[in-house]
Amino acid sequence: MIPLTTLLLGIWLVLAGVHLGLPLFYFTWMKRRAYGKSYGLNIVGDFSYLPSVTVIVPTYNEATVISRKLRDIAQSNYPKDRLDVIVVDGGSTDNTVEEAWKSIKLGVVKGEVLEEAERQGKTVGLNRGLKHATGEMVCFSDAECEWDKDALRNAVKYFSDPMIGSVSGIHETRLDRKALSVKVEDSYRSIYRMLRIAESKVHSTPVAEGEIQLFRRGQFVEFDTSIGGDDTCAALCMVEKGFRSISAEDVIFYEPTPLSWRARFSQKVRRGQHVVQAFLKHRGLVRRKGIFSRVIFPMEIFLYVINPLLFPVFLATTLFLAIISLPFAVFVGIATILAFLILPLSKAALTHITNNLTMLMALVKEVKGEKQLVWTKIEENRSKPLAEIPVATG
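Heads up: the sequence shown runs through residues 0 to 393, numbered per numbering that gives the first Met the number 0.
Keep in mind that the hints were calculated from the coordinates and are not lab data. Don't take each hint at face value.
As the list claims (entries may be wrong) - Derived EDC-like pairs: lysine to aspartate or glutamate, alpha-carbon spacing no greater than 20 Å straight-line:
no., residue 1, residue 2
1, LYS267, GLU369
2, LYS288, ASP249
3, LYS267, GLU299
4, LYS240, GLU254
5, LYS267, GLU171
6, LYS280, GLU221
7, LYS101, ASP83
8, LYS104, ASP93
9, LYS288, GLU299
10, LYS240, GLU221
11, LYS346, ASP83
12, LYS148, ASP249
13, LYS101, GLU115
14, LYS130, GLU111
15, LYS36, GLU239
16, LYS280, ASP223
17, LYS370, GLU117
18, LYS104, GLU114
19, LYS79, ASP149
To be verified - Pair ranges (Cβ atoms, derived):
no., residue 1, residue 2, range
20, LYS367, ASP45, 48 to 54 Å
21, PHE301, ASP249, 26 to 32 Å
22, ALA116, GLY217, 25 to 31 Å
23, GLU135, GLU171, 25 to 31 Å
24, PRO326, VAL363, 34 to 40 Å
Beta carbons: idealized from backbone N, C-alpha and C, even for Gly.
Assemble the whole structure, with the sequences as input and the hints as a guide.
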């Protein structure tokens, strides 16, 4: 009969191989496959392709940031006569509408404000904006984020290749990195930024960033208002239609990272839950052929859904083995110390732990039916202009 310790050690090795080894293999494989390579597109590189663009900005009580947002769009390195903005307000109780109209009437940017009687959720507002959009391209963006001045022009150029259906950007942090919560978020972003770019260069990435996301008007009709994850859902919709959905490394946006752990956790749980909702809606993609459906999308489902469920099982098995086996306890102790002393390992470890914890909570909320289609904004993200916050480096 196999001793209990030996049996548990065998189970632990299998769990470690799946829970830790499989993601590590995927990240390493993707990085090597895409390193130094292009997106494999036939694009016009001289920026002569300049279609008209309608930027849709959904708002709810964004009076403190909407004027800054419209100025930021206006300062984009893109022809002003090819650019207009639609602000869709979801029943704000502050001066969002007045501030938006003020900027438009002052000529900061060409556009209009559409008002809804009550708050119904972001996707409802985006759908209304889509119906009023007139640009050849449609761009979605959140009110609290800012763009690099070349972000819009760089995003548009990829659509000169007809195979592109969706382009989203890459997040850069503009916050004081002394806060541990920001360091952890920066670590998470750096790892997944690499993955999004690598997946995009191989074919497509299923997870998009709604702070700046572009489509050809007409190719994307409307959002499903019964779920969240508008950005990811839209990107997957384009893949279903036979297009590529990419994250472009030269399309940069800046968004505040919550300084408090509570705000950061709440934000990541909501975003993680919305990604899961989008994955479930488009799960049929795994039955198709090609590297996206056979490798990329299944691995992302594993990372967002299956691996978080393995996390408590792996942790419990590790703790129990450490209790009954002194040599194993010593091994785990040394491995843990090394993981948090060596900087690259500590970043990966913190990212792994926090990501799995937030996704576990997201899955719990999804099972309980708490869709979070309408949520409480993180006010600290809107309390200070991004231009006044030091840019993170390193």
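Indices of hints not satisfied (ascending) | Checked against the structure, the hints that fail are numbers 2, 4, 11, 15, while the rest are satisfied.
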